[in-house]
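A.B. asks: Residue-level listing of the chains:
There are 4 protein chains.
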Amino acid sequence: MKITPYCRGVYYHETDRMDVVNHSNYIHWMEEARVDFMLKMGLPYEKMEEEGVMLPVLEINCNYKSSFRFGEHIAVITKIVEYNGFKLKLSYDIYNEKTKKLCAYGTSSHCFTDCQIKPIRIIKKHPNMHELFKNAMDIEYDFLDSREF
Amino acid sequence: MKITPYCRGVYYHETDRMDVVNHSNYIHWMEEARVDFMLKMGLPYEKMEEEGVMLPVLEINCNYKSSFRFGEHIAVITKIVEYNGFKLKLSYDIYNEKTKKLCAYGTSSHCFTDCQIKPIRIIKKHPNMHELFKNAMDIEYDFLDSREF
Amino acid sequence: MKITPYCRGVYYHETDRMDVVNHSNYIHWMEEARVDFMLKMGLPYEKMEEEGVMLPVLEINCNYKSSFRFGEHIAVITKIVEYNGFKLKLSYDIYNEKTKKLCAYGTSSHCFTDCQIKPIRIIKKHPNMHELFKNAMDIEYDFLDSREF
Amino acid sequence: MKITPYCRGVYYHETDRMDVVNHSNYIHWMEEARVDFMLKMGLPYEKMEEEGVMLPVLEINCNYKSSFRFGEHIAVITKIVEYNGFKLKLSYDIYNEKTKKLCAYGTSSHCFTDCQIKPIRIIKKHPNMHELFKNAMDIEYDFLDSREF
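Line by line, the protein sequences give chains E, H, W and D. Using the working numbering, you'd call the opening residue of the first sequence number 1119 and step up by one each time. Using the working numbering, you'd call the opening residue of the second sequence number 1119 and step up by one each time. Using the working numbering, you'd call the opening residue of the third sequence number 1119 and step up by one each time. Using the working numbering, you'd call the opening residue of the fourth sequence number 1119 and step up by one each time.
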C-alpha cells in the first residue's frame, strides 16, 4: 500500500518572535500527521474513538535540525516502528515540502485504552483494528519511492 | 465585594513573528480571566460543570489598542455587563500590569446549557448559581479604587 | 475573479473538554483564511511583509451558531467588506464543508503599517498592493454560485 | 540557592475531547518553566535575547504518566542536567501541585546562538551569562527539601 505524506502550509500563528515556528507546534504536526496516517490506513481516528478505543500518548520526542518559516510547507512521513496489539510507536520525518530537506524527526509511543483510559489489548476486543494496524506496518510512500524525499 | 485582576506574564509561545503577542491569544486570556473571575465570585468553573451546567460562547469581540511583548505582564479586569439568568455577557479590560495602560478590551456573550448543550434557565434549576451571578454584578476591583488602573 | 473557500479538517488538539472545537481556534481559522485569501487574490502574505508592510489586527469579532467536532471539516468564505487604502475589514463565513451549514461568522479590522508598526497609506507607497486589494473586492466564490453554500 | 517550582492552573483551552490536557501543552509548560527558571537564576530570558543570545531547542522529549484535568494545578521542577558553555540540557518534573504526584517528566536540549541562529560559545562572549548558568547547576528547591514533592 502506498500513501502520500501529510502536507500543509505553516500558519502565521505558529511562528514566534524568533521569526520561525515555535518548537511546540511540531508536536501538533505529529498529532495531525498521525490522524492523517490512520485515515489513509483505513481507520479514521474518530471511528476508532466511536468504537470506544482511545490512543493516549505515553512518550514523545522530537529532534529539530532546521527551522520552518511562515510561507513554507511541511510534508510529514509517518511510519509504524512498533506495534504488538498493545502498544504502538510511530515515527515522523518532517520535511520542507519544497526543498525536500529533512528538518525534524520524532516519535510518539501510545497504548490502546477504553473510554476510562484503562489499557486494553485490541487483538482480542477489536480484531478488525488489529488487522489494519498490522497491514499499516507495510505502508510505503509514493514520494519516497520517487526519490523526491 | 472586592477582587483583584487576573494577572500573568506573557509566554514566549504566545508571540509571533511580528515580535508581539499574536492576537488570537487575547481570546485565551479572556477565557482564563473568566475562569478566574468565577473562582473569585465563588463559583469555580469546574464545579459549575460538575453540576451539569455549561457556558458556551455565543459571541466574542476584542479591540486591540497596543501590543504586548514577551517579558510584559497582563492584568485583566473582568466584569458582568449583562445577566438575566439565561444569558451572560462579560467585559474584559486588558491592561499592561506595570504601566497600567489599557492595551485591549473585549466582551464575550454566553448562554447557560445542560451537558447536551441545550439552553437552560439557571434561575429555576440552579438558584444558588443564580444568586452568585447576581451578586457578582456588584464586584469591584481593589486596583481600580486605588487608581492604579 | 472566482476563488474557492479555505478548507481544512478540524484538528484533535483544537477540541476541548466540551468535545467541540474551543472557541479561540476560530480566530486562528480566520487568520488562516485571511492568508489563504490574500494568496488567491495575488498578494502572498509573506511577500507583503517582505516589502515592509504589516497588517496588524485592530478589532476582531466572531459569532458562534453551531459547534464543530473532531472529524468535521471547515470551509471559510472570506470577503473584503471595507477597503480604503488605509484600513481593511474582512468578513468570514465559516461553514461545515459537508453539510454546507453556516456555523459561525466574524470580521477582522486591520490597518496597514510599516515594520515599526507605524500606520501607512498603501495607495501612495505601494500602488501595486492597492490595486490588488481594490480588485479583490469583486472576488466571488465558485461554491457559492453553485449554491453549494 | 533555593527556588520554588513553576506553578499555575490548567487552562480550559488546554484540555481536549479526552477531557484531559492535550499532550502538546506539556511542551508549552516546559518552555514556561524554562523561562521561569532563568528568571529565578538571575537571567531573565528577555534580557538574554536583548544581549543577542538565542536559545533554540535542539531536542525535546516528554513522558506522560498521568493526565491533568481542568481545575488542577501543575508544579514544574526544572533543573540543569548538562551545561558546558556551548550546549544546555534541562530536565522538567511536572507534578500535580496538590497531590504532589509526579505526572510527567521530560528534557529539552539547546544550543546558544546569535541573532542569526549561528551557534556561539557564551563562555567567551558572555562570561556573565556563563557564570549564571554554572551557578544555576546547584539550584535546589524548597518544596523538595520539605518533602512536599
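Any given hint could be a false lead.
Given that identical chains are not distinguished, each listed pair holds provided it fits within a single copy or across any two copies.
PhoX-like, lysine-lysine: derived pairs with alpha carbons at most 25 Å apart [as the list claims (entries may be wrong)]:
#  : residue 1 : residue 2
1  : Lys1120   : Lys1183
2  : Lys1236   : Lys1218
3  : Lys1218   : Lys1205
4  : Lys1216   : Lys1158
5  : Lys1165   : Lys1218
6  : Lys1205   : Lys1183
7  : Lys1219   : Lys1236
8  : Lys1165   : Lys1219
9  : Lys1120   : Lys1243
10 : Lys1219   : Lys1242
11 : Lys1218   : Lys1243
12 : Lys1165   : Lys1120
13 : Lys1243   : Lys1219
14 : Lys1183   : Lys1158
15 : Lys1236   : Lys1120
16 : Lys1243   : Lys1205
17 : Lys1120   : Lys1242
18 : Lys1218   : Lys1242
19 : Lys1219   : Lys1183
20 : Lys1216   : Lys1243
21 : Lys1183   : Lys1207
22 : Lys1183   : Lys1236
23 : Lys1252   : Lys1218
24 : Lys1252   : Lys1216
I should point out that these hints are in silico values taken from the structure, not numbers from a laboratory.
A.B. asks: For each hint, tell me whether it holds in the structure or not.
C.D. replies: Verification of the supplied hints:
Taking the shortest Cα distances, Lys1120 and Lys1183 never come within 25 Å of each other, neither inside one copy (27 Å) nor across copies (35 Å). Taking the closest pair of Cα atoms, Lys1236 and Lys1218 come within 25 Å of each other only across two copies (22 Å); inside a single copy the shortest separation is 40 Å, beyond that limit. Taking CA atoms no more than 25 Å apart as the test, Lys1218 paired with Lys1205 passes in neither setting, with 31 Å inside one copy and 28 Å between copies. Taking CA atoms no more than 25 Å apart as the test, Lys1216 paired with Lys1158 passes in both settings, with 22 Å inside one copy and 19 Å between copies.
In the homo-oligomer, the alpha carbons of Lys1165 and Lys1218 lie at most 25 Å apart only across protomers (22 Å), although the nearest pairing inside one protomer, at 33 Å, exceeds that limit. Taking the shortest Cα distances, Lys1205 and Lys1183 sit within 25 Å of each other only across copies (15 Å), while inside one copy they are farther apart (28 Å). In the homo-oligomer, the alpha carbons of Lys1219 and Lys1236 lie at most 25 Å apart only across protomers (19 Å), although the nearest pairing inside one protomer, at 40 Å, exceeds that limit. When the C-alpha separation of Lys1165 and Lys1219 is checked against a cutoff of 25 Å, the pair qualifies only between copies, where the shortest distance is 22 Å, while the shortest distance within a copy is 34 Å.
Taking identical chains as interchangeable, the C-alpha atoms of Lys1120 and Lys1243 are never at most 25 Å apart, the minima being 28 Å within one chain and 50 Å between chains. In this homomeric assembly, Lys1219 and Lys1242 never come within 25 Å of each other (Cα to Cα): the closest approach is 41 Å inside a single copy and 33 Å across copies. In this assembly of identical chains, the alpha carbons of Lys1218 and Lys1243 never lie at most 25 Å apart, being 41 Å within a copy and 36 Å across copies at closest. Only within a single protomer do Lys1165 and Lys1120 lie at most 25 Å apart by alpha-carbon distance; the minimum there is 22 Å, versus 36 Å between protomers.
In this homomeric assembly, Lys1243 and Lys1219 never come within 25 Å of each other (Cα to Cα): the closest approach is 41 Å inside a single copy and 32 Å across copies. Within a single copy, Lys1183 and Lys1158 get their C-alpha atoms no closer than 27 Å, and across copies no closer than 30 Å, so neither meets the 25 Å cut-off. Proximity of Lys1236 to Lys1120 under the C-alpha cut-off of 25 Å is found in neither arrangement, the shortest distances being 33 Å within a copy and 39 Å between copies. In this assembly of identical chains, the alpha carbons of Lys1243 and Lys1205 lie at most 25 Å apart only when taken from the same copy (14 Å versus 45 Å across copies).
In this assembly of identical chains, the alpha carbons of Lys1120 and Lys1242 never lie at most 25 Å apart, being 28 Å within a copy and 52 Å across copies at closest. When the C-alpha separation of Lys1218 and Lys1242 is checked against a cutoff of 25 Å, the pair qualifies neither within a copy, at 41 Å, nor between copies, at 37 Å. For the homomeric pair Lys1219 and Lys1183, the shortest alpha-carbon distance inside one copy (10 Å) is at most 25 Å, but the shortest distance between copies (34 Å) is not. Proximity of Lys1216 to Lys1243 under the C-alpha cut-off of 25 Å is found in neither arrangement, the shortest distances being 43 Å within a copy and 32 Å between copies.
In this homomeric assembly, Lys1183 and Lys1207 come within 25 Å of each other (Cα to Cα) both inside a single copy, at 22 Å, and across copies, at 16 Å. Taking the shortest Cα distances, Lys1183 and Lys1236 sit within 25 Å of each other only across copies (13 Å), while inside one copy they are farther apart (36 Å). Neither within a single protomer nor between protomers do Lys1252 and Lys1218 lie at most 25 Å apart by alpha-carbon distance, with minima of 29 Å and 37 Å respectively. When the C-alpha separation of Lys1252 and Lys1216 is checked against a cutoff of 25 Å, the pair qualifies neither within a copy, at 32 Å, nor between copies, at 31 Å.
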